[in-house]
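Engineer: The listed protein sequences correspond, in order, to chains A and B. The first sequence lines up with residues 1 to 484 when you count with the numbering used here. The second sequence lines up with residues 1001 to 1444 when you count with the numbering used here.
None of these hints come from the bench; they were simulated from the model. Beta carbons: idealized from backbone N, C-alpha and C, even for Gly. Just so you know, not all the hints are guaranteed correct.
[Claimed, not checked] Below, simulated BS3-like cross-link-like pairs (lysine-lysine); rule was C-alpha separation at most 27 Å, straight line:
{"id": "1", "chain 1": "B", "residue 1": "Lys1053", "chain 2": "A", "residue 2": "Lys78"}
{"id": "2", "chain 1": "A", "residue 1": "Lys469", "chain 2": "B", "residue 2": "Lys1194"}
{"id": "3", "chain 1": "B", "residue 1": "Lys1194", "chain 2": "A", "residue 2": "Lys118"}
{"id": "4", "chain 1": "B", "residue 1": "Lys1194", "chain 2": "A", "residue 2": "Lys160"}
{"id": "5", "chain 1": "B", "residue 1": "Lys1194", "chain 2": "A", "residue 2": "Lys29"}
{"id": "6", "chain 1": "B", "residue 1": "Lys1152", "chain 2": "B", "residue 2": "Lys1200"}
[Said to hold, decoys possible] Example chain A residues on the side facing chain B (calculated, C-beta under 10 Å, incomplete):
{"id": "7", "residue": "Glu30"}
{"id": "8", "residue": "Asp46"}
{"id": "9", "residue": "Ala196"}
{"id": "10", "residue": "Leu197"}
{"id": "11", "residue": "Arg198"}
{"id": "12", "residue": "Val200"}
{"id": "13", "residue": "Arg346"}
{"id": "14", "residue": "Glu349"}
[As the list claims (entries may be wrong)] Rough simulated footprint, nothing fancy, chain A against chain B, three-plus residues with beta-carbon under 8 Å:
{"id": "15", "region": "1119-1132"}
{"id": "16", "region": "1191-1199"}
{"id": "17", "region": "1316-1324"}
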Amino acid sequence: MKTIFEKSVAGREGCWPCEGLAEEAYIPKELLRNEEAGLPSAGELDVVRHFTKLSQRNFGVDGNFYPLGSCTMKYNPKFTENVAALPGFTRLHPVLPQLQGAGRLCQGALEVMYETEKLLCEITGMNAYTLHPMAGAHGELTGVMLMAAYHRDKGNKKTKVIVPDSAHGTNPASAAIAGYEVVSIESRDGIVDPEALREVLDDDVAGMMMTCPNTLGLFEKNLPEVVAMLREVDALLYYDGANLNAVMGKIRVGDVGFDIVHLNLHKTFATPHGGGGPGSGPVGVSERVAPYLPISRVQKLEDGQFFLDYDYPKSIGYVAPFYGNFGVFLKAYAYILRLGATGLTRATENAVLSANYMRKRLEEAFEIPYNRTCMHEFVLSAVRQAEKGVRALDIAKALLDKGHHAPTIYFPLIVKECMMIEPTETENKATLDTFVDDLIAIAEMADADPEALQHAPTTLPVTRLDETKAARGMELTEDLANAT
Amino acid sequence: MPFVPHTPEEVREMLAVIGVDSVEDLFAEITNSMRPQSFDIPEGLSEMEVLAKLEGMAAKNATDSASFLGAGFYDHYIPAAVDALTMRGEFYTAYTPYQPEASQGTLQAIFEYQTAVCRLMDMDCANASVYDGGTALYEAVMMAVRKTKRRKVVLSEALNPIYRVMLDSYITNLNLELVCVPHKNGRTDIEGLKAAIDDKTAAVLVQNPNFFGSVNDFTDLFNAAREQKAVSIISSYPVLQTLLKTPGQMGADVAVAEGQSLGLPLSFGGPYLGIMTCTKKMVRQMPGRIVGRTQDTEGRTGYVLTLQAREQHIRRQKATSNICSNQSLCALRALVHMCALGEMGMRRAARLSIERAHLCAEKLTAIPGVEMLTDGPFGNEFAVTLPVNAYEVIARLSDRGFIPGFPLGRYYEGLENGLLLACTEKTSEEHIGILAEMMKGALK
């Protein structure tokens, strides 16, 4: 399909024509650009048709089952969009509360932040939250910065962060980017082994980052032991809460003894993912880490008024220009209010029920490396099919032909020919059954006619794309071909 | 229960397949000692009740005030087509395009976004966006540090102070040295910056127009940086970039921007959009998602995520950045916004904003005691000094539904009488007139 730049016709007016104004009257010519930018010239209908057609070349949750492991692609209710679109929120300028006394002009927004933080504290058992981090990985970085601030303040010289091999890939990256040496430990029987931890644990360890349930979909049942061991060396426990959808109402990480947790609000608390963001990655902390939280923090006065408090001398400072992705946590707040305690717990229970149901139904057709009770997701391995020449990638593409988005493949890295399936609680049994039936049919086809699967998908706008050519040719814009 | 479709009969069937008696059996590994000590969340509300509650909270925000607030974040008009197109479920409810054949809509849109922002900035390459203008600037600094293997960063005090404090936070553990060159009455001190660059400098950072609204040409500065093999980084205002001399023309290596003004509402601080562009030479240092054009097995054009070898899901602790998601939907909004306005509409928005700001400056400086803080050319924003503390004037006028601007004293010692005002094409001439009258009254 042609790009909007190829469809552009010089001189065609967009929704706002331009005439009779002269920038030279205000800014000297030598400070102006010497030619037009080259943005499209297209009529409004051209633009509407172009993007409508583009959208039709996409899978989304509204149209397709999207069982991407560790991504929690559940259905996002529509009413939260109305909430986020209220002009009383969208028109608020973010510097408003920084003006003297102008906090009273945005009491509603401050209240949303205050109430959201309180709810997240209760859901996870933490002492305080910052809503500032703008995505899950940004929350991780903030969390590791908090870890560093805690140790710096105590005069601890610590250089290492422990990350299990079953953690999200962003964990080691976040620790490294914050300046730490990353120590990886191997899981045993799919979970963290206290003995393996003992081998690497010393006074240089600043903390450990745990993903629970981990990327194999397993609950880390040794958590209490791990917490106790880390405490011995004054190291902090970080909980990657991206998979919180599996444990709401069943465990509170604060109660277990974790010091820092980030949540992916857009996953657990149902905000559409928009093709890759925006997200929101609030970070909760225990009491001993709270003094280091980013500024500003919302506080409530005795008279019920809300204000922003910047007076935290031990704070790590600003990780975002303002208060985080307000529009996103507004939706999360509305979603939590809608579900309530029972609804949140039910979401967890049904996510776990659906995952285990699918796991059992698939256990004959596929190798399941950790075939025991899983949480909200589970991992299959296509090693048996790979022997016939059908790899996880081929199976993923064949699923696309059947109208399902594929599971996450080749992650976690510790399972060969990995397919990681997360159905979520919002899909009905018929959808789960159709997906399972299709996947079993693909496994049968892998036996009967492996070559056919290597050409999937055949029903989408494009067939398999040449990724090597893309990396080598580096054609990254309409104007940049074959660059080196 | 909302959004959970299983009937009790289906739940029984599923449990039977699994071979357990109850759902609770699936949580047996979570022993009693790990169970929550409390879960005190109010019971759920109906959709209607939640909406009513949030409408009530929204009503407590005074969004009907006339406002001259900017400071890097602006209230531009957003064509209706932006909402209509970007809210389409196929875009809105999709994930990161890991399966390119099922995600050509998102991928081509990102490719077009990369093209549009490169043309705007006159640079070679762009990523699929990062969180916001501040993190874009931080990531640009880290690109320079990796490229040069040096640790000194020279920046102008006229760079948005909100981004300067963000940089301070991010580099605390990284053993980098920030050298801040003071502004001169709101002008970027180009000679001072040149003098601060040496053979230990990784990067020089400036902004155009700068925080005070002042427009510059940094060609000489970037030449000086190149002589010392330092990386030139510029943060620019994308709406004015249809008119102003481009980062590319000036010889910048990395150009970043806050993309909020391209079709995103102010929304109390987010979600916003970090625009990142660079020269070909720097592209392998650029973090985040990048989309490339390629072909399918039939020879048809298609798009994929590319240069992924730098990323966290493959490289773990050796990754260029920890960024996983970008701001894809925000990037889509920016693209649709630019397409809906078109080249001409974008220029019109820029020109009108500049015109209104100049009218506003003229009216205000006609008031005795009010003077321009910064001489020289400016765009849609400018700073004045008042004969009294700006905070007090702002408090007095905002009581009457007019928020006259941002108090410079909040970030700049000695500028307590300084007021920063922004206009856009939405700022009416009538409001400018009323502001001038009210200001006159307040200063009597």
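Engineer: Confirm or reject each hint.
Structural biologist: How the hints compare with the structure:
1. B:Lys1053 with A:Lys78: At roughly 16 Å apart (the allowed maximum being 27 Å), A:Lys78 and B:Lys1053 satisfy the hint.
2. A:Lys469 with B:Lys1194: 42 Å, violated
3. B:Lys1194 with A:Lys118: 49 Å, violated
4. B:Lys1194 with A:Lys160: 39 Å, violated
5. B:Lys1194 with A:Lys29: Holds - the C-alpha atoms of A:Lys29 and B:Lys1194 are around 24 Å apart, at most 27 Å.
6. B:Lys1152 with B:Lys1200: 6 Å, holds
7. Glu30: 7 Å, holds
8. Asp46: OK, holds: A:Asp46 within 10 Å of chain B, min 8 Å.
9. Ala196: 18 Å, violated
10. Leu197: 18 Å, violated
11. Arg198: 21 Å, violated
12. Val200: 15 Å, violated
13. Arg346: Where the cut-off is 10 Å and the nearest Cβ of chain B is about 5 Å from A:Arg346, the hint holds.
14. Glu349: 5 Å, holds
15. 1119-1132: Check passed, 10 qualifying residues.
16. 1191-1199: Violated: only 0 residues of the region 1191-1199 of chain B have a Cβ under 8 Å from chain A.
17. 1316-1324: holds (count 8)
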